[in-house]
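A.B. asks: Per the UniProt record's numbering: the sequence shown = residues 1 to 81.
Possibly wrong hints are sitting among the right ones.
[To be verified] Listed next, with one range per pair, are the computed distances between beta-carbon atoms: (1) Ala-52 to Glu-4: 37 to 45 Å; (2) Ser-54 to Thr-16: 20 to 28 Å; (3) Glu-56 to Gly-5: 30 to 38 Å.
[What the hints assert, rightly or not] With a Cα cut of at most 25 Å, we get these calculated SDA-like pairs of lysine to any residue: (4) Lys-31 to Ala-76; (5) Lys-31 to Trp-61; (6) Lys-8 to Glu-62; (7) Lys-8 to Trp-61; (8) Lys-31 to Arg-49; (9) Lys-8 to Glu-75; (10) Lys-8 to Gln-30; (11) Lys-8 to Gln-27; (12) Lys-31 to Phe-72; (13) Lys-31 to Thr-73; (14) Lys-31 to Ala-74; (15) Lys-8 to Ala-78; (16) Lys-31 to Glu-56; (17) Lys-31 to Glu-17.
To be clear, the hints were calculated from the coordinates, so they are not data collected in a lab. Since we're looking at a predicted model, the values are computed, not measured. Glycine included, every Cβ here is placed at the ideal spot set by N, Cα and C.
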Amino acid sequence: MNHEGRQKALRRHGLTETQDGFELTAQGFQKASRRAQGLREQGDPEAVRMLALSPEDPLRWEYCRCIQIEAFTAEARASGF
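Start from the sequences and build out the full structure, keeping to the hints where you can.
C.D. replies: Right, dumping it as structure tokens:
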């Protein structure tokens with residue numbers, strides 16, 4: 001994955017890169033919430049707890065950020081980056 005491909009993947013996953021790591025965009029929060037719903041349907045207890053929180057709760061945002069970082073990392077590894 002080249003630099004341009006990496007930037008596209010970050011946007012696709014709703015992430016931006018900062019000096020301190022990754023930040024989640026509103027689009028990324030929405031995507032992660034949909035992924036969490038799928039995990040909840042599979043019986044994932046962490047997804048159940050996180051989706052019970054208010055969408056404004058910082059802990060829910062952090063959970064969603066981690067979900068999107070995991071998806072981005074998997075894509076980057078698969079591409080050989």
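A.B. asks: Now tell me, hint by hint, if it's right for this structure.
C.D. replies: Consistency of the hints with the structure:
1. Ala-52 to Glu-4: 37 to 45 Å: Taking Cβ atoms as reference, Ala-52 and Glu-4 lie about 39 Å apart, which means the hint holds.
2. Ser-54 to Thr-16: 20 to 28 Å: Since Ser-54 and Thr-16 have Cβ atoms about 23 Å apart, the given range 20 to 28 Å holds.
3. Glu-56 to Gly-5: 30 to 38 Å: holds (33 Å)
4. Lys-31 to Ala-76: Roughly 18 Å separates the two Cα atoms, so the pair holds.
5. Lys-31 to Trp-61: OK: Lys-31 and Trp-61 at ~12 Å, within 25 Å.
6. Lys-8 to Glu-62: holds (22 Å)
7. Lys-8 to Trp-61: Holds, because 22 Å separates the two Cα atoms, which is no more than 25 Å.
8. Lys-31 to Arg-49: holds (18 Å)
9. Lys-8 to Glu-75: holds (11 Å)
10. Lys-8 to Gln-30: holds (18 Å)
11. Lys-8 to Gln-27: holds (14 Å)
12. Lys-31 to Phe-72: holds (12 Å)
13. Lys-31 to Thr-73: With a Cα-Cα distance of about 15 Å, the restraint between Lys-31 and Thr-73 holds, given a limit of 25 Å.
14. Lys-31 to Ala-74: holds (16 Å)
15. Lys-8 to Ala-78: holds (15 Å)
16. Lys-31 to Glu-56: Given that 25 Å is the threshold and the Cα spacing comes to 15 Å, the pair holds.
17. Lys-31 to Glu-17: This hinted pair holds, its Cα atoms lying about 17 Å apart.
Hint violations for this structure: none, all hints satisfied.
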